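Those sequence lines, one after another, are chains Y and U.
Position 31 of the first sequence, counted from 1, bears residue number 31 in the numbering used here, the numbering being contiguous throughout.
Position 73 of the second sequence, counted from 1, bears residue number 299 in the numbering used here, the numbering being contiguous throughout.
Do not take every clue at face value.
Unchecked claim - DSSO-like, lysine-lysine: derived pairs with alpha carbons at most 30 Å apart:
#	chain 1	residue 1	chain 2	residue 2
1	U	K377	U	K238
2	Y	K216	U	K405
3	Y	K132	Y	K171
4	Y	K178	U	K377
5	U	K428	U	K378
6	Y	K168	U	K239
7	U	K238	Y	K142
Claimed, not checked - Pair ranges (Cβ atoms, derived):
#	chain 1	residue 1	chain 2	residue 2	range
8	Y	V184	U	N416	20 to 28 Å
9	U	S263	Y	P213	29 to 37 Å
10	U	L384	Y	E157	14 to 22 Å
11	Y	K142	U	S263	48 to 56 Å
12	Y	R207	U	D418	54 to 62 Å
13	U	K405	Y	S139	43 to 51 Å
14	Y	K132	U	K377	13 to 21 Å
It should be emphasised that the hints constitute simulated quantities derived from the structure, not laboratory data.
Quick caveat, the model's predicted, so the values are computed rather than measured.
All C-beta atoms, glycine included, are put in the ideal place defined by N, C-alpha and C.
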Amino acid sequence: MELKKEIDGVYWLLNDGKNKRTLVTQSAYGDASVYGEKIFRYNNSIYREWIPHRSKFAAAFYKGLTSIDLKNSYTVLYLGASSGTTVSHVSDMIGTNGKVYAIEIAEEMAVNLVLLANNRKNIFPIVNDARKPLLYKSSVPKCDFLYQDVAQRDQTEIFIQNADMFLKSGKIGVFAIKTRSIDVSVNPKEIIRNETNKLRGKFDVLRSIDLYPYQKDHSLLILRKK
Amino acid sequence: MDNSIFVENARKKIKEGWLVDDLIRKLVMLSDSIEKSENTLFEQLNDLYFLYYPEAANILKDRDSFITSLEGACDRTSLGKLLGISDDSMGYDVDEEDIQIVSMSVNEAKNIADLKKFVDERLYSLMGEKYPNLTGVLGPELAARMIYLGKKASLLALMTSSKLQVLGAEKAMFAARRKKATPKYGIIYNHDALMEAPEGLKGKIAKIVASYTSIAIKTDVFSKLDKSKEIKSKMIEAIKRVKNKNGIKKRD
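Using the sequences provided together with the hints, build the complete structure.
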């Protein structure tokens with residue numbers, strides 16, 4: 001077994017002999033498995049497997065994302081945290097000094113998020129609607145990294161609103177587009193082109209990654225705020 | 227900074243955020259899955275019994291009659307006497323243990339049926355209590371299913387009646403983007419008025435039922451008064467009018 005560092009807290013676990021690689025994050029909070037993922041031990045550190053079928057961000061690394069401006073002790077705003085699968089890995093990456101503000105509206109999903117936040121002290125759960133950033137403006141500071149995965153029709157507008165309010169200039173926003181939830185009848189490529197055009201005024205589009213075959217109808221846009 | 231304030235706020239917000247609709251949705255899902263397991267259990271059980279006593283299993287194809295007949299005893303002699311058929315069977319002679327498995331399974335099937343009845347009763351009483359108007363117009367089962375599909379009653383109240391009409395027919399609705407015909411009805415098809423409606427009028431009557439459903443759910447959510455009788459009688463009148471207008475005599 002061999003480790004290759006990708007960015008802060010994210011590693012490739014290389015199995016020599018087999019041509020197989022596994023994405024892992026170095027656990028910041030012990031060896032508890034959050035959603036049933038595998039735990040690896042290597043040189044006295046604990047690593048949690050990051051499954052591309054469960055997390056769009058992990059799928060992006062499998063599809064060739066190599067460097068992204070997400071470092072230790074960053075403040076992250078995460079919209080659409082759901083039950084906290086990806087949030088737990090982001091919390092690994094930013095470490096115990098970082099903060100991840102996780103916004104989720106659905107109660108059923110937020111329950112798991114709150115339970116996760118009990119163990120991981122760098123997760124700050126907020127049960128609120130990402131469409132109305134004014135409602136949580138008072139509790140969220142300016143952020144170094146914005147991640148959005150909400151799968152709504154107006155998700156681009158939600159992203160722009162939140163980035164305007166919370167993202168520092170020159171920092172990275174990651175935007176998971178679900179083309180099916182924007183419009184089913186239009187060609188996905190066209191949707192992504194339209195949405196990137198909407199974002200162009202305020203962001204530099206660094207990359208667009210199609211997440212097939214790990215996630216269907218999803219693309220990840222890496223944006224930098226101007 | 228500690229996240230305990232955020233956790234505490236989130237806990238409070240989740241606790242206050244639950245609605246009775248969540249309970250209704252879960253009960254509908256539970257009732258559905260109970261029914262599914264009831265059916266698979268009966269199917270396999272009947273299949274197993276077929277091996278031992280095919281003559282009886284052939285008569286007892288219906289679930290309720292199967293359970294009531296096998297409740298007392300499962301062996302050929304007593305069941306043959308009960309059904310009035312010969313106990314000289316062409317089935318395989320199974321052991322005592324296997325018959326015991328059958329009798330245990332029959333008990334289990336009966337328990338599941340009782341559970342289903344209990345869940346449904348609770349669901350219907352809940353619907354009658356919380357959404358009297360919707361229940362009055364659609365009947366408790368369909369009303370609960372409507373809330374299940376719409377996620378929340380408050381969302382249903384904001385839907386147009388045409389949306390309510392095709393609720394549950396999303397697949398046909400998406401197919402209509404390519405083909406031309408849009409669906410005439412969704413889950414509303416199971417309403418009594420539509421069941422007995424003549425083929426040519428089903429679309430029209432679905433429209434009427436949907437519009438009164440819309441009125442009912444709006445009354446439930448916004449004014450919270452029980453006007454179910456008034457709304458229902460108006461709906462029945464409107465349906466009669468459509469039937470008369472289209473030259474079909476009412477039966478009663």
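Hints and how they fare:
Pair hint K377 (chain U) plus K238 (chain U) holds up; C-alpha atoms about 22 Å apart against a cutoff of 30 Å. Distance restraint check for K216 (chain Y) and K405 (chain U): the Cα-Cα separation of roughly 25 Å lies within the 30 Å cut-off, and the hinted pair is therefore satisfied. Only pairs whose Cα atoms come within 30 Å are accepted, and K132 (chain Y) paired with K171 (chain Y) is accepted, the gap being roughly 22 Å. Under the criterion of a C-alpha separation no larger than 30 Å, the hint pairing K178 (chain Y) with K377 (chain U) is consistent with the structure, at around 21 Å.
Taking the CA atoms of K428 (chain U) and K378 (chain U), the gap is about 27 Å. The hint holds against a cut of 30 Å. A threshold of 30 Å between alpha carbons decides the hint, and for K168 (chain Y) with K239 (chain U) the separation of about 29 Å falls inside it, so the pair holds. For the hint linking K238 (chain U) to K142 (chain Y), the alpha-carbon distance of about 25 Å falls within 30 Å, and the restraint holds. For the hinted restraint 20 to 28 Å between V184 (chain Y) and N416 (chain U), the CB-CB distance of approximately 27 Å keeps it satisfied.
A hinted range of 29 to 37 Å for the beta carbons of S263 (chain U) and P213 (chain Y) is consistent with their spacing of about 34 Å. Roughly 20 Å separates the CB atoms of L384 (chain U) and E157 (chain Y), a value that falls within the hinted 14 to 22 Å. At roughly 53 Å, the beta-carbon separation of K142 (chain Y) and S263 (chain U) lies within the given 48 to 56 Å, and the hint holds. Between R207 (chain Y) and D418 (chain U) the CB atoms are about 57 Å apart, so this pair conforms to the stated range of 54 to 62 Å.
Checked against the hint of 43 to 51 Å, the C-beta distance between K405 (chain U) and S139 (chain Y) comes to roughly 49 Å, which is consistent with it. At about 19 Å, the CB distance of K132 (chain Y) to K377 (chain U) agrees with the hint of 13 to 21 Å.
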